[in-house]
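Read off the chains here:
There are 2 protein chains.
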Amino acid sequence: KEAIDDPFLTDPKRCPELRTLTAKPCNAETPGKGLAEFLTPNKMFYVRNHMWVPVVEEGKHELTVELPDGEEKSYTLKELKERFPTHKVTATLQCAGNRRKDMTDNQSKVTNGLQWTAGAISTAEWEGVKLKDVLADAGLKPDSLPEDAKHAQFTGLEAYGASIPMSKAVDPHGDVLLAFRMNGEELPRDHGYPLRVIVPGNVAARSVKWLRKIVISDEESLSQWQRRDYKCFGPNVSVPDWSKAKSIQEMPITSAITGISNPSLPKDSKDGKPISVEGYAYSGGGREIVRVDISTDGGKTWDQAELVDDQMNGAKAWCWKRWRYSGLKRDSGKTSVLVKATDEAYNTQPESYDAIYNPRGNLATAWHRVEIDSKA
Amino acid sequence: KEAIDDPFLTDPKRCPELRTLTAKPCNAETPGKGLAEFLTPNKMFYVRNHMWVPVVEEGKHELTVELPDGEEKSYTLKELKERFPTHKVTATLQCAGNRRKDMTDNQSKVTNGLQWTAGAISTAEWEGVKLKDVLADAGLKPDSLPEDAKHAQFTGLEAYGASIPMSKAVDPHGDVLLAFRMNGEELPRDHGYPLRVIVPGNVAARSVKWLRKIVISDEESLSQWQRRDYKCFGPNVSVPDWSKAKSIQEMPITSAITGISNPSLPKDSKDGKPISVEGYAYSGGGREIVRVDISTDGGKTWDQAELVDDQMNGAKAWCWKRWRYSGLKRDSGKTSVLVKATDEAYNTQPESYDAIYNPRGNLATAWHRVEIDSKA
Ligand SMILES: [Mo]
Ligand SMILES: [Mo]
Numbered sequence: 003k004e005a006i007d008d009p010f011l012t013d014p015k016r017c018p019e020l021r022t023l024t025a026k027p028c029n030a031e032t033p034g035k036g037l038a039e040f041l042t043p044n045k046m047f048y049v050r051n052h053m054w055v056p057v058v059e060e061g062k063h064e065l066t067v068e069l070p071d072g073e074e075k076s077y078t079l080k081e082l083k084e085r086f087p088t089h090k091v092t093a094t095l096q097c098a099g100n101r102r103k104d105m106t107d108n109q110s111k112v113t114n115g116l117q118w119t120a121g122a123i124s125t126a127e128w129e130g131v132k133l134k135d136v137l138a139d140a141g142l143k144p145d146s147l148p149e150d151a152k153h154a155q156f157t158g159l160e161a162y163g164a165s166i167p168m169s170k171a172v173d174p175h176g177d178v179l180l181a182f183r184m185n186g187e188e189l190p191r192d193h194g195y196p197l198r199v200i201v202p203g204n205v206a207a208r209s210v211k212w213l214r215k216i217v218i219s220d221e222e223s224l225s226q227w228q229r230r231d232y233k234c235f236g237p238n239v240s241v242p243d244w245s246k247a248k249s250i251q252e253m254p255i256t257s258a259i260t261g262i263s264n265p266s267l268p269k270d271s272k273d274g275k276p277i278s279v280e281g282y283a284y285s286g287g288g289r290e291i292v293r294v295d296i297s298t299d300g301g302k303t304w305d306q307a308e309l310v311d312d313q314m315n316g317a318k319a320w321c322w323k324r325w326r327y328s329g330l331k332r333d334s335g336k337t338s339v340l341v342k343a344t345d346e347a348y349n350t351q352p353e354s355y356d357a358i359y360n361p362r363g364n365l366a367t368a369w370h371r372v373e374i375d376s377k378a
Numbered sequence: 003k004e005a006i007d008d009p010f011l012t013d014p015k016r017c018p019e020l021r022t023l024t025a026k027p028c029n030a031e032t033p034g035k036g037l038a039e040f041l042t043p044n045k046m047f048y049v050r051n052h053m054w055v056p057v058v059e060e061g062k063h064e065l066t067v068e069l070p071d072g073e074e075k076s077y078t079l080k081e082l083k084e085r086f087p088t089h090k091v092t093a094t095l096q097c098a099g100n101r102r103k104d105m106t107d108n109q110s111k112v113t114n115g116l117q118w119t120a121g122a123i124s125t126a127e128w129e130g131v132k133l134k135d136v137l138a139d140a141g142l143k144p145d146s147l148p149e150d151a152k153h154a155q156f157t158g159l160e161a162y163g164a165s166i167p168m169s170k171a172v173d174p175h176g177d178v179l180l181a182f183r184m185n186g187e188e189l190p191r192d193h194g195y196p197l198r199v200i201v202p203g204n205v206a207a208r209s210v211k212w213l214r215k216i217v218i219s220d221e222e223s224l225s226q227w228q229r230r231d232y233k234c235f236g237p238n239v240s241v242p243d244w245s246k247a248k249s250i251q252e253m254p255i256t257s258a259i260t261g262i263s264n265p266s267l268p269k270d271s272k273d274g275k276p277i278s279v280e281g282y283a284y285s286g287g288g289r290e291i292v293r294v295d296i297s298t299d300g301g302k303t304w305d306q307a308e309l310v311d312d313q314m315n316g317a318k319a320w321c322w323k324r325w326r327y328s329g330l331k332r333d334s335g336k337t338s339v340l341v342k343a344t345d346e347a348y349n350t351q352p353e354s355y356d357a358i359y360n361p362r363g364n365l366a367t368a369w370h371r372v373e374i375d376s377k378a
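These protein sequences, in sequence, are chains A and B.
Per this note's numbering, residue 3 is the first one in the first sequence, and the count goes up by one each step.
Per this note's numbering, residue 3 is the first one in the second sequence, and the count goes up by one each step.
Everything labelled a hint here was simulated from the structure, so no lab data went into it.
Mixed in with the good hints, there may be bad ones.
Any copy will do: because identical chains look the same in the list, a pair fits if it lies in one copy or spans two.
As the list claims (entries may be wrong) - Straight-line Cα separation of at most 20 Å, SDA-like style, residue types lysine to any residue; simulated pairs:
(1) K318 to H175
(2) K90 to D311
(3) K336 to E222
(4) K246 to D312
(5) K248 to A317
(6) K318 to P167
(7) K331 to P242
(8) K248 to D312
For clarity, every value in this text was computed on a predicted model and none was experimentally measured.
Start from the sequences, fold in the hints, and give me the full structure.
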C-alpha cells in the first residue's frame, strides 16, 4: 500500500556528493570532483530519472523483442549473457538539458526544464551484448532488413520509452549495447539494473534503463520523450509544433569549464603553482574532439588547451575529451575564461544563446564562460 | 614539346558562365543560376583543378590497387564496369575554401588561398562501382582488415594525391564510389574522366580525379594536400605546425544565400511578386539539414525558411538542402539578410569569423550575410 502511494520509497540511497535538483524523481548532477576523472565513479555518475527506480529480482527479469511481423522472442538475462559475446564500450552519456541553467542565465527568455549546470554528463565503461547480435538472433539480419524495420523502440519497466533509427541499431560500428555492467561493477539500480541500453554518441534519453521490451517498428516510439520533449526549434518559436522538429539523436559539440586550481594565490606567491582551469569537451556521433580553445579576453584572442589522452574501448570516439589550461595570469584580478571546442568534422560551438534558444532549453552548447577572481 | 612547356594547352573548353578565379590551373565557381538547381548541370559544376587536366585514352586507362603487403592488382575500366555492380549516389562536393572571400572580408587578417565566394560547391548524381567492392576483390575483406590497413590513398594521373580513413572506405553505408558517370553523362574531363573517387560527406579534396592508383597503407597520403593545405588551426595560430592538426575529412555545417528575387520592386507594386531569397545549406558526414533560420535584423529575431524536398540516391543525406524564404518587407530599403542552418546532430554555424579564422581560410562557415536594396 505504501509503495503504491509513494513508488519512490524503494529508490536506492544516493551519494551525498551528487548535486540533487529533484528528489522524486531523482535528478542529480555529477560534482566537479567526479567530472575531473575520465571514468566517472558509479556513485557520482549523474542520475536522470523520469520516474521511480523499478524493483527487480535479477533472476526473473526478461527482455522481449518484437519484430515488425508481430513475432516475439524473449531472453532471460542469463540467456543474454550465455548466448552472445560480451563487449566493453567506453561512452559518455549526456542529458539534452546539460548546461540548461547557462542558457537560462544568458538570454532573456525562460527555459522549461531542470536547471542543470555542467554536470548532467558522465562517462563509464559499459559491458554488455551488442543490440545488433540480439536482433540478428531474433530474426533481423542486417543485410536483409524488412522495409518496415525503421526504428528500434525501447521500453523500460517504469514506462519510460524512446527509440533510435535502425541504421544506428544495427551499425557494425555503432556499438549499441544492452549493458549489465558499469565500470567493472554490476549495473547500479539508478543506472538501469539489471539491463539498460547504451547508445554511444546519442542523447542519453535514448539509452533506456531497466529495459524490458524492444519493438522494431516503422515509426518512432510514441512516448512524449520521443515525440515532444527532446527536440529543438528556431529561437523565435515559443509554442512549438512538435511534429515539425526532428528528435534529438546524435549530440552537437559542447565543452565546459569544470575546475579552477589555485585562483587565490597572490602574484608574488613562492608556492610556484600556476592558476589553471580544466574541463571537458564532447561531440556526438563518435566525432573526436580535435581542439579546445581558451580565451581570457572575451573572445578577442585564443590559445589552445592541452588535451588529455585517455584510453577507451569502442569503434569510435564515444567519450568526452578532458582538457587543461595553465596560461592564466596571476595578477589579473577578475578574469572571464571562455572555452569552445572543435571536433573532427570541424564543427564548433555557437558563440551565444540568443540564436539557439528553445523553450525546453535543450542543447545549451554556447561557449562556456566562468569568472575567476585571482588576487592582484 | 609545346605540351611540356604548357601542359594546360590540352585543357578542355569551359562554359563561359563559370566564374573563373584562375585559368591555369582552372579554378572556377558555379554561378547563381547553377546553384539554383538541385543537380548542378555538368557544364556549370565548379572546377577545382590543382594542375592541368590529364589527356586519357579511355581504352588504355588502368587502375592499380596496392595492398599493405605490397600485393598489386590492376583493373581496366572495362573490367571495373563488368565485374562490379554499378550504383548511383547523389552527392554534393564542396571545396574546403568555399566562401573563403567571406572570411577574408569579415575579419582583420589575410587568408592564403583562392578567394571563392559561395559557388565552390555543386551537386551531381554519380554513377560507378563501390570502392569497398573493389577492395574486397583485391583481397581486403571488411571483416578481417589487416592491422596496417588504416588509410586508402588515392593518386591521380597529374600527381595529385589524398587519402581517407579505411573506416569510410569500407563503410557499407559510406557510399564511396569509383565513378565514371555524372548526371547521366560520361564523366567530363574537368571532373576526372575517365575515373574518379567520390567520397560523399567529405571535403571534395579527397574525391581524387583521374584516379590511377589506390594504396592501402598504415598512414595518410604523403601529399601536401593531405599533410598541409586542408587543415584548420586555432584563430591565434599564424604559423601552423601542420603535424598538429587533423586533416579535414567530414565537413562542418554551412549555408549560403545564392539568389534574390525582385529586390527592386516598389512597395506599391501591382506586380504581386514578393521579394524572396534562396540558397543552400549543407553538412558533411551525411547529416541531414533539419532547419534553416533567416534574420533580417542582424540576428535579433529569426524566422524559418522553407526547405525544398529534393529526391536523392544514397544511404545518407549526402546532398545540400535548397531553401527559400519570402518573408521580406517591400519597404525596408537596405536590408541585411542573415542565414544559418542546423543539421540532424543539431550542430549549427558559428556567428562570425574571428573565432574560426585560420591562415588558409578553410571552412569559412560563419552565418552568411547579404545586403538587399529594396526600394522604399
Ligand atoms: Mo535527458
Ligand atoms: Mo578544395
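Taking 20 Å as the upper bound on the Cα-Cα distance, should K331 and P242 be classified as within, between, both, or neither? Neither: 46 Å inside a chain and 25 Å across chains, both beyond 20 Å.
Reference check for the pair K248 and A317, CA-CA at most 20 Å: within, between, both, or neither? Answer is between; shortest inter-copy Cα gap is 18 Å, intra-copy 26 Å.
Given a CA cutoff of 20 Å, do K318 and P167 count as a within-copy pair, a between-copy pair, both, or neither? both (18 Å within a copy, 12 Å between copies)
With 20 Å as the alpha-carbon cut-off, assign the pair K336 and E222 to within, between, both or neither. neither (49 Å within a copy, 45 Å between copies)
Is it within, between, both or neither when you check K248 against D312 at 20 Å Cα-Cα? between (33 Å within a copy, 18 Å between copies)
Intra- versus inter-subunit Cα pairing at 20 Å for K90 with D311: within (19 Å within a copy, 41 Å between copies)
Cα distance capped at 20 Å. Does K246 pair with D312 within a copy, between copies, both, or neither? Between copies only: 18 Å across chains, 39 Å inside a chain, cut-off 20 Å.
When no copy is specified for K318 and H175, does a C-alpha distance of 20 Å or less occur within a copy, between copies, both, or neither? both (7 Å within a copy, 16 Å between copies)
In this structure, the hints that do not hold are numbers 3 and 7, in rising order.
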